[in-house]
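Novice: Given chain E's structure and the hints, the job is docking chain F onto it.
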Amino acid sequence: MQKEKLDFLTAKARKLRDDAIEIIGHFGVGHIGGTMSVMDALTVIYYDKANVDPKDPKKQDRDRVIMSKGHAGPAMYAVLCDLGYFPKEWMTTLNKNGTNLPSHCDMNKTPGIDMTAGSLGQGLSAAVGMALAAKIDRNPATIYCFIGDGESQEGQIWEASMLAGSKKLDNLIVLLDSNRMQLDGPVENINGLEPIVDKWKAFNFFVQDVDGHDLAAISDAIDAAKAQHDKPSMIVLRTVKGKGASFTEGVANCHSMSVPEEVWRKETGRYE
Amino acid sequence: MTDEKEIRQVMAAGLVEAAKNDDRIVVLDADLMSCHATKCFLEAYPERFINVGIAESNMIGVAAGMAAFGKIPFTFSFAPFATRRCYDQIFISVAYSKLNVKMVGSDPGVMAEANGGTHMPFEDMTLMRAIPKMVCFEPTDATMLQKALPQIIDYPGAVYIRMFRKKTEKIFDDSLDFKLGKAVKIRAGKDVTLIASGIMVDRALKAADALKEEGISAAVVNMHTWKPIDTDAIADAVKETGALVTCENHSTFGGLGSAVAEVVVEKCPAPVEMIGVVDSFGEVGKQAYLSEKFHLTVEDIVAAAKRAVARKK
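Chain order of the listed sequences is E and F. Using this note's numbering, you'd call the opening residue of the first sequence number 1 and step up by one each time. Using this note's numbering, you'd call the opening residue of the second sequence number 1 and step up by one each time.
Please note that a few of the clues may not be correct.
As the list claims (entries may be wrong) - Derived pair list, reagent style DSSO-like, types lysine-lysine, alpha-carbon separation capped at 30 Å: (1) F/K133 with F/K182; (2) F/K20 with E/K168; (3) F/K98 with E/K55; (4) E/K96 with F/K98; (5) E/K167 with F/K182.
Unchecked claim - Every beta carbon over 10 Å from chain E, so not counted as near; a handful from chain F, in silico: (6) Q9; (7) M33; (8) I50; (9) F69; (10) S93; (11) P150; (12) K167; (13) D174; (14) K179; (15) I186; (16) A188; (17) A210; (18) I229; (19) V264; (20) K306.
FYI, nobody ran anything at the bench for these hints, they're computed from the structure. Remember, it's a predicted structure, so these values are computed and weren't measured experimentally. Heads up, the beta-carbon is just placed ideally off N, CA and C, and yes, glycines get one too.
Okay, chain E solo, but in the shape it has when bound (with noise of 0.2 Å):
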C-alpha cells in the first residue's frame, strides 16, 4: 500500500474511533469492545474498497456492509456520519428516546444500514441470500459481512457457510472479529472456536488469517478475496477488544462498559 493511502487510513481510523467514542460517551453506557476491535477494517472496507454512495445510500449495485455482530452498531454509526450519510447532530442520540442511532444496527432507522442485526448469527444468513440475489441477478455487488467470534458459537453461523460454500458465492467477503473476548470472558474459556481457519476451510472458504489492526494486510486481504473465483472468502481478523482506546483495550470488562463524559473527553481531546 502506497504510503499516502495509509497514512490517510491510518489518520482516518484514528478519527473513526474518537467519533465511536463520542457516540457512545454521549450515552454513557455502550458496546465499545467490539466497536473499537472492527474499526480497521471497517475504515478499509469504505474508504478504500466499497462500491457506495452516500447520496444515493439505496442504489441496486452498491457494495452491501452488514454488521451481523448487531452490537457494533457504534462502529458503524462512526463510518457512516463521517461519509454524510446522516448528520453530525445525530451523534449525540444514540439510544437516545425517538433516535435513528440503536444500540444493534437497524436497516430501517438508519441511512447506510443495509441488513438488521441483533439476534446473533441472523446476518450471515441475510448476506448469504444477498449474495444468491446479486448472483441471480448478474448485480456485481460485494457483500461484506463481519462477524464476531462469540457469535460464532451460534449453530446459525455455520448453516449460513456451509450453504455460501455449497453455492460457491465468491461474491460474499466474511470478517471474522477474533478478539477472543465475549460477554462472559474468554472465548476459548467458554466454548472455543480453534482452530477457526481450519473450520472455515472445511466450510470451502478461502481462509486469510491477518492481523485486523494492519490496514495494509486487510487491505490486501480484501482484494486477495476479490480475485477469488467458485469461493466465499473468510478473513480472519486478528483484534485486540477495545483497540485504541487507554480505558478499553486490553481491559477484560470493556464488552460494554460505561463511559463517563469526563474519560471519553479526555480520550478523544474533544471539549466543545
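Specialist: Just chain F now, with coordinates in the frame of chain E:
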C-alpha cells in the same frame, strides 16, 4: 366433493406463472421440494430456486437477505419447521426488519397424519399471529389459493400461508370474490354463526345442514385470514345471529377462537363456543381418527352450536 387439484400444485404452478413476468419471485425450500411439488419452479427457473438443505433457520435468514436485495422469496417447509423451528429468524430477520418474505407452512394440524406429534402443528398460527404486522392466511381450497396468490405477491410485507398440500373438499368455484383480510360469508343464518377456517369449513357447512334439520338456522363464515382479522364480519355475525362457534384445525389457545373472541369481548359481546385443539400435542393417526380424538368433527360443531344458542338470552 373432492377438488380436482391439489393445493400444492396450484401454489407451485401459480408461482411459475407469476415468475414469468416478475423476476423478483424466488423459491426456497429446506429439502421438502418433493412434498411441495415445487420441482416445476426449479425446472423453469433453476437460478431462482434455492434448496438450502435441512436448515430452516438459515432458509429464513437467506430469504430475508434476498428480500433486502429486492426479491420476493417464498419459503416452504412443514408448518412446525416453517414457524416454531425458526421463530426468532422470522421475528427479527423478516418481521422486525420489515422484509417482504412469504412463508408457507404445510400439513396443518391433524393433516400431518402419519408424521405425528413432532410434525403436527396446532400452534403455528398462534406463534405467527403474535409477530407484529404478520399477515396470517389459511387457504380453504385450491380455488381460493389461486385467487389469493396474486394478492399475496402484491402485498408488500411478510405473509404466513398455512397450507394443506393435497386435495381438499371443493368449497368455492370461480365466482369467489376473494380479498385477503375479508371473510367470505358462505351461508346466511339467523340463530348462530359458524366461523371456520381450512378443513373446518366443509365440516361447518355439514354442521349447518344438520342443524337446519333440527330447526336451527346457522350461518357459515370462512375466516381465511386470521390476521388482520375481519372485525366487521365478526360484528355483523354477532348482530345477525347473536352467537358464534369458531372452528379451527389448530389450538384454541391464541388461534382462531382467540382471535375472534378478542374482537367479540371488546366490540360486540356474545356467546362464543370454540371448536379446536385444547392444550394437546399431536400424535400419529388418520385425520378422521385425530379429528374425533381432538373433537374437530361435524358432530362436535353441532353440539357447540346448540350450546352457543342456549347461552343466548
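Novice: Each hint: holds or not?
Specialist: Evaluated hints:
The straight-line distance between the Cα atoms of F/K133 and F/K182 is roughly 16 Å, inside the 30 Å bound, and the hint therefore holds. Simply put, F/K20 and E/K168 have alpha-carbon atoms about 26 Å apart, close enough for the 30 Å limit, and the pair holds. A threshold of 30 Å between alpha carbons decides the hint, and for F/K98 with E/K55 the separation of about 23 Å falls inside it, so the pair holds. For the proposed pair E/K96 and F/K98, the alpha carbon gap of about 22 Å is at most 30 Å, so the pair holds.
Simply put, E/K167 and F/K182 have alpha-carbon atoms about 42 Å apart, too far for the 30 Å limit, and the pair is violated. Under the 10 Å C-beta cut-off, the non-interface status given to F/Q9 relative to chain E holds; the minimum distance is some 25 Å. Every CB of chain E is more than 10 Å from the CB of F/M33 (nearest about 15 Å), matching its label as outside the interface. The claim that F/I50 lies off the interface is violated: its Cβ sits roughly 6 Å from the closest Cβ of chain E, which falls inside the 10 Å cut-off.
A Cβ of chain E approaches the Cβ of F/F69 within 10 Å, the least distance being about 4 Å, so the stated non-interface status is violated. A cut-off of 10 Å between C-beta atoms contradicts the statement that F/S93 is not in contact with chain E; the least separation is 5 Å. Separation of F/P150 from chain E is adequate, the least Cβ-Cβ distance of about 22 Å exceeding the 10 Å criterion. Against the 10 Å criterion, F/K167 stays outside the reach of chain E, whose nearest CB is about 33 Å from its own CB.
Every CB of chain E is more than 10 Å from the CB of F/D174 (nearest about 34 Å), matching its label as outside the interface. Every beta carbon of chain E lies more than 10 Å from that of F/K179, the smallest distance being close to 28 Å; the non-interface claim holds. The beta carbon of F/I186 sits about 40 Å from the closest Cβ of chain E, which is more than 10 Å, so the claim that it is off the interface holds. With a closest Cβ-Cβ approach of about 44 Å to chain E, F/A188 is found to remain outside the 10 Å limit, as its non-interface label requires.
No beta-carbon of chain E is positioned within 10 Å of the beta-carbon of F/A210; the least distance is around 49 Å. Every CB of chain E lies more than 10 Å from the CB of F/I229, the least distance being 26 Å, so the non-interface label holds. Its beta-carbon lying about 34 Å from the closest one in chain E, F/V264 satisfies the requirement of being farther than 10 Å from that chain. The beta carbon of F/K306 sits about 48 Å from the closest Cβ of chain E, which is more than 10 Å, so the claim that it is off the interface holds.
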